[in-house]
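Residue strings, one per chain:
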Amino acid sequence: MRTRMALMYSLLWRLLLILVHVNRALFSWLHVRIQSWKGRLWERAATVLLLPISLVGFPDFQNNLNHGPDANVKPITEKSTGGGRSRCLSDGKSLKKIPVHIGLLVAEEEPSYPDIANVVVWCMAVGISYVSVYDNHGVFQKNNSRLLEEIKRQQQDLLGVDGSMHSVEFLSSGSDQHQHNVVSCRPTVRVLSPDDGKQSIVHVAQQLCRSVENKERSFKDINVSMLDLLLRESKNIPDPELVVKFGPVNSTLGFLPWHIRLTEFISLPSHRNISYEDLLGALQRYGACQQRLGQ
Amino acid sequence: MNEALYVFPGQRGRPSVLFQSRGGLVPCRSREPGLQLTVKSISGCKCNAISSKNGTLMWEPDAFPFVKAKTCTDMSWIKEGELSLLEKISANILKAGPMPKHVAFIMDGNRRFARKKNMERQEGHMQGFNKLAETLRWCKHLNIPEVTVYAFSIENFKRTEDEVDGLMELARQKFERLLEEHENLEKHGVCIRVLGDLNMLPLDLQQLIAKAVFTTRNHNKCFVNVCFAYTSRYEITNAVREMAWGVEQGLIKGSDVSEALLSECLYSNNSPNPDLLIRTSGEVRLSDFLLWQTSHSCLVFQSVLWPEYSFWNLCEAILQYQLNHKSIQKARDLHREHQALQQLEADRACVAELLQHHSNGKPVDSQRRQEALLHYTSCREERVRDFLKALKHKRDSFFSDLCSESLLA
Chain A
1 MRTRMALMYS LLWRLLLILV HVNRALFSWL HVRIQSWKGR LWERAATVLL
51 LPISLVGFPD FQNNLNHGPD ANVKPITEKS TGGGRSRCLS DGKSLKKIPV
101 HIGLLVAEEE PSYPDIANVV VWCMAVGISY VSVYDNHGVF QKNNSRLLEE
151 IKRQQQDLLG VDGSMHSVEF LSSGSDQHQH NVVSCRPTVR VLSPDDGKQS
201 IVHVAQQLCR SVENKERSFK DINVSMLDLL LRESKNIPDP ELVVKFGPVN
251 STLGFLPWHI RLTEFISLPS HRNISYEDLL GALQRYGACQ QRLGQ
Chain B
1 MNEALYVFPG QRGRPSVLFQ SRGGLVPCRS REPGLQLTVK SISGCKCNAI
51 SSKNGTLMWE PDAFPFVKAK TCTDMSWIKE GELSLLEKIS ANILKAGPMP
101 KHVAFIMDGN RRFARKKNME RQEGHMQGFN KLAETLRWCK HLNIPEVTVY
151 AFSIENFKRT EDEVDGLMEL ARQKFERLLE EHENLEKHGV CIRVLGDLNM
201 LPLDLQQLIA KAVFTTRNHN KCFVNVCFAY TSRYEITNAV REMAWGVEQG
251 LIKGSDVSEA LLSECLYSNN SPNPDLLIRT SGEVRLSDFL LWQTSHSCLV
301 FQSVLWPEYS FWNLCEAILQ YQLNHKSIQK ARDLHREHQA LQQLEADRAC
351 VAELLQHHSN GKPVDSQRRQ EALLHYTSCR EERVRDFLKA LKHKRDSFFS
401 DLCSESLLA
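Keeping their order, the protein sequence lines are chains A and B.
For what it's worth, UniProt numbering labels the leading residue of the first sequence as 1, then goes sequentially.
For what it's worth, UniProt numbering labels the leading residue of the second sequence as 1, then goes sequentially.
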């Protein structure tokens, strides 16, 4: 009797998962349709129809529906000229707040370099000065030259031939950091991997423990600001105010644990064929966030 | 039956009381400091309190016929009771899939809830605690043995003095209540742990906490970790400081420091990493909570306010966990492999250095190198074991010393 019950519950659970997957597929299909139709009426109708189902717990989709970008936003195509950049800048200025550092967390297998390069270029065009790209396999780190090439190419496409006015600093773990003690006023693109997270903290810990071993300091001297300072000495990564996560996995997957204490996390379903409106929507949602900082 | 539940300092020196009635929790405010109370109950009945004795308010049973208790009792940590049929069925369906063994909650939204219901802030926090007790009951029915909650952040010290004092007072009441029902805790096998920089708290609260932790330390059926005066950065820094202490004491070497060792030095070293982190009230950030431990956990952000959290919200979060389970497991395994590789590389580097010293520049054959590596690894592991034992002893003494202090006081 008990095993029959267990079997029944197991089947019901599988059914539940199937229902959820079907629901999700429906949503993403509808999401694409809504984007292409761009009718406010259609959006509202879809929200009303799907509200009962969406209450079951797909807040990301609801957010996208409610806070989605203006229907009047014209899509940016790859072949647009310099007018694209000024449009991006004005979009950036219209946002309530812009992050200084945005983290792009790719939680999907087989990343698509052109799409990520697109997002990077749009971020910089909107006025974000520090863009980091992360995946938990370290794929971007291994292929950072390819990423840089794609970014340069997308920059030219978006900004026209005169893309060089937006000279970008491209950093990855291999590059020499020590000359960058001065805060760079050029926009920076940084490629991150899991080693920049916990392992960096461990390195600082080793550094401190070795200095204690050599009697250069006592363990009592160690405090939060000291750790923070040492972490930023070798890799001066500012705390990201916003992390945009691409992909269905709901986890940070080891992204900079020390730096993300006050970071807002906004999820987008995928980075493949991502549009400028999707990114702008995420930035608008970030603009609406309120931080109370403990108070 | 109306039963007075909790008295706390309200605004402008007027004590406030919450009654448990069939309609839910009913607030009751006094008109003048300490003496008269007007019950805003459903039937609109009024009553007069008699006097204030040792901080407890007494009522005349005739004036307020349906008040059962004469003294106020605090709300319990443990809620008994079974799930409803529908809840039971849903729980069984969920349990057919992978279940999280450790869930962490950021219980956000108490103050917004209080504003929404036109209550005082303190009442919002009270409702929040009530919800915590209920959530522990649901977790017990869902076979989730470990729960960690974010009760008070070091950043919260920045709030107004009134609010901070109110929260400290609430904590005192809660831990006192915990000690009163220690038999019940033993029956359910609940082990309470408090994580944080406890020396930032007032001494009497530290002593209460120490007693609570000490008396429940051997229970092992379910675990409740309360993060109080906690931020993740302070926790990581403390772990580094402990390792440096170990180095200063000569227990470990600087080269023994690794990711695994740091994890063992955190306040949460007795618990596995959380499988699922839930934050309520719609905020989508971690606010310095378990940043190290949740690097490969499922994060679920829900817009419901914490005091309004329901069993179905919990089920929804667990469902999200189950949907993400495979991919997160893969990422965790990858990370573990990478960690093991890094440890091996570090050991190899140390051994190579040692061998160079001893062999005076002569080349060493690979078999000798392999033996040296195995020997070095086992020595390192032994050092680490002794260090962790010393650390555990240090931490246990911290609690037992506080306990004995409070007995003498």
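Note that these hints are calculated values from the structure, not bench results.
Hints should not be assumed to be uniformly reliable.
Unchecked claim - Listed next, the in silico DSSO-like pairs over lysine-lysine satisfying Cα-Cα at most 27 angstroms (straight line): (1) B:Lys-253 - B:Lys-101; (2) B:Lys-158 - A:Lys-215; (3) A:Lys-220 - B:Lys-392; (4) A:Lys-235 - A:Lys-152; (5) A:Lys-142 - B:Lys-330; (6) A:Lys-220 - B:Lys-330; (7) B:Lys-140 - B:Lys-95; (8) A:Lys-96 - B:Lys-158; (9) B:Lys-158 - B:Lys-116; (10) A:Lys-97 - B:Lys-158; (11) B:Lys-394 - A:Lys-215.
Evaluation of the provided hints:
1. A distance of roughly 34 angstroms separates the Cα atoms of B:Lys-253 and B:Lys-101; the hinted pair therefore is violated under the 27 angstroms criterion.
2. A hinted pair counts as satisfied when its Cα atoms are at most 27 angstroms apart, and B:Lys-158 with A:Lys-215 does not qualify at roughly 36 angstroms.
3. Our distance criterion of 27 angstroms between C-alpha atoms is met by A:Lys-220 and B:Lys-392, whose separation comes to about 19 angstroms.
4. Annotation: proposed proximity of A:Lys-235 to A:Lys-152 holds, straight-line Cα distance about 24 angstroms (limit 27 angstroms).
5. Distance restraint check for A:Lys-142 and B:Lys-330: the Cα-Cα separation of roughly 20 angstroms lies within the 27 angstroms cut-off, and the hinted pair is therefore satisfied.
6. For the hint linking A:Lys-220 to B:Lys-330, the alpha-carbon distance of about 39 angstroms lies beyond 27 angstroms, and the restraint is violated.
7. The hinted pair formed by B:Lys-140 and B:Lys-95 meets the criterion: a straight-line CA distance of about 12 angstroms does not exceed 27 angstroms.
8. A distance of roughly 26 angstroms separates the Cα atoms of A:Lys-96 and B:Lys-158; the hinted pair therefore holds under the 27 angstroms criterion.
9. Restraint check for B:Lys-158 and B:Lys-116: satisfied, since their Cα atoms lie roughly 23 angstroms apart, inside the 27 angstroms limit.
10. Simply put, A:Lys-97 and B:Lys-158 have alpha-carbon atoms about 24 angstroms apart, close enough for the 27 angstroms limit, and the pair holds.
11. Between the alpha carbons of B:Lys-394 and A:Lys-215 the distance comes to roughly 23 angstroms, so the proposed pair stays at or under 27 angstroms and holds.
Comparing the model with each numbered hint stated earlier shows that hints 1, 2, 6 do not hold.
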